[in-house]
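Order-wise, the sequence lines are chains A and B.
Following the numbering used here, the numbering of the first sequence begins with 1 at its first residue and continues without gaps.
Following the numbering used here, the numbering of the second sequence begins with 1001 at its first residue and continues without gaps.
Hints may be right or wrong, so weigh each one.
Going by beta-carbon spacing under 8 Å, a handful of chain B positions derived as facing chain A [stated by the list, open to error]:
#, residue
1, M1001
2, L1005
3, S1006
4, L1046
5, E1077
6, D1339
7, N1355
8, E1369
Quick list of in silico lysine-lysine cross-link-like pairs, BS3-like style, CA-CA up to 25 Å [stated by the list, open to error]:
#, chain 1, residue 1, chain 2, residue 2
9, B, K1354, A, K173
10, A, K409, B, K1079
11, B, K1162, B, K1211
12, A, K173, A, K162
13, A, K382, B, K1354
From the derived model, a few chain B residues whose C-beta atoms are all more than 12 Å from chain A [said to hold, decoys possible]:
#, residue
14, G1011
15, T1050
16, A1074
17, E1076
18, K1079
19, G1107
20, R1159
21, R1207
22, K1211
23, D1228
24, E1245
25, N1331
Simulated from the structure, these hints should not be mistaken for lab results.
Glycine is no exception: its CB is placed at the ideal position from the N, C-alpha and C atoms.
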Amino acid sequence: MLFTLILFRVLLSALTKYPVSRKGRKTRKTKLPLHKHTPSGKRGDDIRPKPPLHVTCSTWLLPESCEADVNTSENIMSLKKALSAASPLTLRIVAECPVTKARACDLILPHSAVSTPVFMPVGTQGTMKGITVDQLEGLGCQICLGNTYHLGMRPGPDLIEKANGLHGFMNWKRNLLTDSGGFQMVSLVKLSEVTEEGVKFKSPYDGKEILLSPEKSIDIQNSLGSDIMMQLDDVISSTLKGPRVEEAMHRSIRWLDRCIAANKNPDKQNLFAIIQGGLNVELRKACLDEMTQRDVPGFAIGGLSGGEEKNDFWRMVTLSTDHLPREKPRYLMGVGYPVDLVVCVALGCDMFDCVFPTRTARFGSALVPWGSLQIKHNQYAKDFQPIDPDCQCPTCFRHSRAYLHALFKSDTAATHHVTIHNIAYQLTLMLSVRRSIVEGRFPEFIQTFMKRMFPSRDQYPGWAVDALASVNVTLE
Amino acid sequence: MKLQLSCVVQGRSRLGVLKGLGRTGQHSLEVPGCLLHTQLGTVPHLTQDTLHTMSNLPSVSQVTLSHIAEHQEALEEFKDGFRKFAGLHDTVLYCSLHDPATPCPTGHTTSKTVSVWGSGGRIELTVAKFMALQKTVQPDWYQSMADGETWPKNTSRKRVRKSVDRSLAHLDECLLVHHKSQELESVEVFGVVEGGDILEERLRSARETAKRPVAGFCLDGLQTGCMDQALRTQLITAVTTELPEDKPRLLQGVGRPDEVLACVEAGVDLFESFFPFQVTERGCALSFSFHISPELAVPALDEERDTAGEALQNGDLSLDDQTQMTSFEINLKDERYRDDFRPVVEGCGCYCCKNHQRAYLHHLLVTNEMLAGVLLMIHNTTHYHAFFGALREALANDEMDLLKRRVLGERKD
Ligand SMILES: [Zn+2]
Ligand SMILES: [Zn+2]
């Protein structure tokens, strides 16, 4: 479309398309021992188990070869396997870090392929904070989020369905992930009440009582037509302890089953389970144990990044990835600070989302490899270099800190400029991470990244040092 | 800057090209035409990428001292002028005093100073400061400093006379500094014609200003809200007969399509395009038809347009009313657009209309999402500039009456 966008895309695609020779991968395969955390499974391009027979979309029956099992106790599991074999998601592991648990994958979703590790920007109301879908696509974004709670309220699932789903409504050609709506409900609506049925709350728009059940959440997400849907989970504060945590964990498992049963479009929409269990190791393990028996196309690590100690946070993350199947994507919900992203990739997570880069842009905070830059501060009034001289985004291509500083006093376009830069920063960071994994130098990448981010070693956050040490990276 | 007129219709409406714009003189602007309205060099809501989804944008961008003055220090240190400072590369820069989209408070003008309002409050400008600013901004062309405070109702004859005198004095002083400044060597100056609603003062201001070495004229104090169109037409007609034919006339503060048509017929060449911005700010989309051939007309709009306030047709608006919707637009916040899956304007080629539906814009507006401003600004700007294209075409083909009927709809005024 436009020169700067085109230029940026060329640069991005240059980043994504580094050659991974078959030979190189083979050598690594033989050289490296299987990671101790890697569950058994074939290594190869497409590690998703091949269906025993080709299951076509029109016949949702068991493959013929399984007919003999129909009346056995295996029945349910076989059915689930057969269904998931046709699930609209393929994960190809492109490379695995020989030192840490990091991996680079190609995640094939209905609307396009996604290169992981991936950061997914959040477009709450079906729009990305003043950025057009063309701009977002130009930045190389392959998947973004919509919020079921907000969209379910306004404009409502019926209208979005009429507009050919959220893709059609916002005219976004790539992938969408929608949350269950539960999190927003519990955090935004004061008077919400959780029962076995679902989450009951009063609509902030007309005061009507509404029940968000697992079935209702999936029903709305089916109308939105997202490529990845999230199960409704029983959301509790991440710092909560005691029996409520256990109750929420068990309920989330029961709700997962109800969500799986309620999904009307298993051939078009992927449903991810959300691992709960608070900060309790045993509960997390129990939840992982139960949920990984369900044949869902992917897993999210939930109930974290809600104000808990970072020491607890990373231990729960690494515990979860230890027990999640290697052949399915792992999505760490609500994580998006650059340091957290790099550490959690090392712990084995593939997907991330956070409102932080877009929200912080509104206050004039621009993300840079050495932290952030408060463009509204007077120190930038006469600073004529771009936000980040090494950044290739359309904002840095054209505008100086001084101009953006001035523009913040006149027009909202200033926010858009910083939003574009921040999204570009996050996406570029993840592409650099991916490239380093593919090229077998992720541990070195981490060292360089941390050195640039913090002025000195003693400023490294302790939790990050510990977390990285747990995956064999000792920060210099 | 050179105005080349290709025809003058009915003795007054002028069709032509303003040539030799910019430092190297390679730019031109068709007249009747309008400038690109910006705030600090940025078309409101738009980045360069969203702006350039539009083709055929005017080659001239308008910046105003009310936005720029507070950044003088930074600009002075930058040294390379505002265009480069703002990351604008290939545009002609016109620098005016006030932002036509935001009326400024009265009562702060003195015989030696005028005031502009930026985000940090009032900044008082003497001619010295005004010219120092121009030297740092380095526009291709600027409006001379002027006292335009004649627009409030019941401004006395004495005050109007004073505004003419002061503006002439400011102009002389500006020209004096201008001709002594090497950095302004190839920069053009527009003189400002004042005179409120008093015919003799208007004529005096026009005649005196025309005697000075200016490249063109700004017609000030005639903005929407301070007089009705009949009086405005009468004053502009009288003023333009006093002005040399070979120099452009820029009318400040008038942007409504019906008023634009009337003012073109009175002899105006250039307008400021703040109107589409105002429409955007109230969550509305321009939808009026200006296609002369009936098959391109938009029939569906007539039922919608009549919802706009009838009182607004009379032209006797107060300045506050500029925030109210006109009959040239539709209010996309209206519930009726909730499930309307048509583009804003059928057949419009803008990025907004090609990619999005009214229902989506309605949703963005009711949820206060920033993309609403972006998409509306793209559509409104496109629509408005296309209207000017149609206007020039109508003049060329001698079809102004047809165009007027189309734009004004069924109205009998
Ligand atoms: Zn940048
Ligand atoms: Zn349009």
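Next item on the list: Run the structure past the numbered hints and jot down the numbers of the failing ones, going up.
Entry: 1, 2, 3, 13, 15, 16, 17 and 18
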